[in-house]
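Visitor: Residue numbers (my numbering), protein chains in the order written: chain A, 1388 to 1669; chain B, 58 to 319.
In case anyone wonders, no lab produced these hints; they're calculated from the structure. Do not take every clue at face value.
Said to hold, decoys possible - Mimicking BS3-like on lysine-lysine, the simulated pairs with C-alpha atoms at most 25 Å apart in a straight line are: (1) A:Lys1442 / B:Lys66; (2) B:Lys165 / A:Lys1457; (3) A:Lys1495 / B:Lys66.
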Amino acid sequence: MSNSVEINGLNKSYGKLSVLKDVNLNVPEGAIYGLIGPNGAGKTTLIKALVGALKYDSGKISVLNLDPIKNKWDLRRQIGYMPQTPSLYGDLTAFQNISFFGKAHGIKNLEEETNKILAFTELSDRKNDLVRNFSGGMQKRVSLACTLIHKPKIIFLDEPTAAVDPQLKQRTWALFKKLSESGVTIFVSTHLMDEAMLCDKVTILRQGEVLLVDTPHNILVKGKTKITVNRNGTKTELISGSSASALASELKKFGLDKEIQDITFTQDNIENIILDIVDKKK
Amino acid sequence: MKNAFIIGKRVIIQLKGDKRFLALSLIAPLIIIYLLKIVFDIITPELDMPMNEFMPVPIEMPTLATPKFILPVSAFIVHFLSFVLCAILLVQERTRGTLERMLINGYKKTSIIMGYTIGYFGLATLQAILVITEEIYLFKFDFATSTIVILFFVIWLLAIVSVMLGIFISTFARHEGHVFPFIPLIILPSVFLTGVLADPEKLPTWANWLGHLFPLRYANNILTTLTKPEFHYSEFTGDFLILIGYALGLLLLASRTLKESD
């Protein structure tokens, strides 16, 4: 399988502040690729460099075998970009916003295509409403529709579900899965581990550096899990590794005690996993 | 060019939908001109008083309530509002992320600038018609039809130049607040140096020359010529051409300074 994105030795700094440090990564075609890291890790900067909205200092980027700066117009026809903020015209309707961005690509049957994408993003019944009257989550969906209107081969999504309610988040990820199944490569940034778990592969970025590239499952087991055992109202807390064997070995200590009322597992959040990885690297 | 019209159409739809903005652009100049009228109504009789011994030399006061003074003031109002409102609207495109989104979707910067110009074309036309009509009605100016047509074109062209200036200045602003320092830098000096308050030819040489940097100077040259009892078109052809040159020059500058990537 070829790569949709290849990044080699990418560096970017603002004055003395280095925001991307020797970033290397490859995104396989058709994958859902997650870029995870805490706020300020350099996720948005990296995505902007990939879509040609940011000039980088050194290194090499290839998106669909094109240079995002030198071949920007060829590339922009084939990529979709959903910024972190909705970036829409509040005075226009959902339909007008989507078709405005669609017109830039010279899409044939634009009205039909706009209606299709409105249906795909479950916005058909609100298509003639002004975007400024939409909730944050709805605006994100319009923004996604604008990103998809020209059927891009790869889409870059910058925290697409930030400040979106859990139900809508689930539906949005279902859309991403559908897109991925149709062959679209998805490059998505997030700071949430539960979203990272839905990706095929994940890169952890911290302070502009790639800490780790792995599958979400392998990353998750690098973290810790807090086990809370409730025995007759007395709670016992244990910290265990997150692998199945580590969890089983901790639970073994309790045997098959009938007095256990419930057991809860709390997995590490992304920040803690990153700290663990950093500690282990020291 | 097709994309420029698409953007222009979008700007027009937005302008139509933004009642507050429309009111500011169209009604505010009319209100200010009306305020001028009521102020001039009380000042002019005072100027009619006989000279006393302490004022042996008649000082040249603006000939209030006459086209010579009213027209440059209204030109300034149109210039100021068109510049500020357009600059702020384009900066909002940047702060809201829609400018970046337009560029990544394949709209080129020249299309964006042309699109904005097309969008404001209608607004500038409407603004010029309303301002001229109100002045003729309020101040009872008795102009020949040909003079009114030229008046309209000057105000309209100045509005277009102001829009271009607004687009150009917006390329230096990261947010709306960055537009305001340009007001004392570009707009306010033009009040003193371009003939709004006094004949710039009577200013010190350096100030007179400095005044030539401001597009309002050329608009005022034409307006002043139009207020003469007799004039020939050749007297302001050069000023018209300079104003057109300003519009094209600013368009070129803006397309060079608008960044497609950070």
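Visitor: It remains to establish, for every hint, whether it holds in the given structure.
Guide: How the hints compare with the structure:
1. A:Lys1442 / B:Lys66: violated (31 Å)
2. B:Lys165 / A:Lys1457: Status holds; Cα separation ~15 Å.
3. A:Lys1495 / B:Lys66: Judged against 25 Å, a Cα distance of about 19 Å means the pair holds.
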